[in-house]
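Below are the chains, spelled out letter by letter.
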Amino acid sequence: MKSYRKELWFNVPNRRGFVNITSQVEEAVRESEIREGMVLVNAMHITASVFINDDEHGLHQDYEKWLEKLAPHEPVDQYRHNDTGEDNADAHMKRQVMGREVVVAITNGQLDFGPWEQIFYGEFDGRRRKRALIKIIGE
Amino acid sequence: MKSYRKELWFNVPNRRGFVNITSQVEEAVRESEIREGMVLVNAMHITASVFINDDEHGLHQDYEKWLEKLAPHEPVDQYRHNDTGEDNADAHMKRQVMGREVVVAITNGQLDFGPWEQIFYGEFDGRRRKRALIKIIGE
Amino acid sequence: MKSYRKELWFNVPNRRGFVNITSQVEEAVRESEIREGMVLVNAMHITASVFINDDEHGLHQDYEKWLEKLAPHEPVDQYRHNDTGEDNADAHMKRQVMGREVVVAITNGQLDFGPWEQIFYGEFDGRRRKRALIKIIGE
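Protein chains in written order, with the numbering used here: chain A, 1 to 139; chain B, 1001 to 1139; chain C, 2001 to 2139.
One should not assume that every hint holds.
Computed from the model, here is a short list of chain C residues facing chain B with C-beta under 8 angstroms [what the hints assert, rightly or not]:
id : residue
1  : Gly2058
2  : His2060
3  : Asp2087
4  : Arg2100
5  : Glu2101
Simulated from the structure, these hints should not be mistaken for lab results. Built from N, CA and C at the ideal position, the CB exists for glycine as well.
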């Protein structure tokens, strides 16, 4: 069994944003030289997500609005977590809806994807340097 | 390390529906001849889910109603994604709540499940042919 | 490829609660003697979650309140699942929001974690003995 590890770094300029990282994950799969296996991609921070969905701008606007409805940022004092001096309790909730990680099959040395699947880093508390982890195992 | 790959195809007759695929995943595990490892089962489409929960009709009605409350289909023009001519923005949200994939342990050649765990394909934009992927790695 | 399996048992005294299981997962990784691989940790019950987030008491209060808003326990007769004599339909929903499982990379014999990541068992229908599964594969 072979394994490969790589970190991706982000500094999203706004509080929230989505970054398409598909090509960076594909690059890591090539670097790993693993032909059959699985790749795990996860946010290393608990106010961010890695998820798979569509690279369509309108949908990303819909996600932004919808997540704000499910777990609004304001008023920040509605959350006990923010009593600690933080203002990011909503980000811990949005990340649970969108998920921490994805696991993707590798077949013939490639991401084994359906027609529209793209991998995103979802930032919910940005404006600072944060990381995602790529871990690949297989042969 | 061995690996095994199989696709499952669906054509759910309504917009939304849940299909119990546990026995098909069990069959793939047998075909793989893998005794110890992990099986990944994921929707290959971004308006569908694979998830694990109860095979109980009342609960599936509750999920239907609950997901419609969290991300209503109508009115379709509330979503910017639907400006593209689609009407399935809500399906992209419902799928995030229910999840894209499950990873299940394989022990002694079987799905290593608790008493009530069953695997479902969750369709949120049906009435067309769509796929799920089974990928197994182990020994 | 090596594999390792372990069960964790819980008896959460209230209907809902969060239990930090990070050190127990770390112990299982040590016991496995696997240096590079992946660990799957999943609830074996369909009214419980395993998720990764912050070990901060205020946040856990926020999660409790937020999940009750998204999928209220009362009135129990709003759910068709509860027509079966159960009263835990809401728990099946809360578990979908928080997720069934996490997959974590193992690097150099350790959980490959960002600075604040901690693993929790999330109970939504407690006051009885329930289990989580740890399955590790790698080398």
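How the hints compare with the structure:
1. Gly2058: Violated, about 24 angstroms.
2. His2060: At 21 angstroms from the nearest chain B Cβ, C/His2060 fails the 8 angstroms test, so the hint is violated.
3. Asp2087: This hint is violated: C/Asp2087 lies away from chain B, its Cβ roughly 13 angstroms from the closest one there, beyond 8 angstroms.
4. Arg2100: C/Arg2100 check passes; min Cβ-Cβ to chain B is 6 angstroms, inside 8 angstroms.
5. Glu2101: holds (6 angstroms)
The structure fails hints 1, 2 and 3 (numbered hints given earlier, in ascending order).
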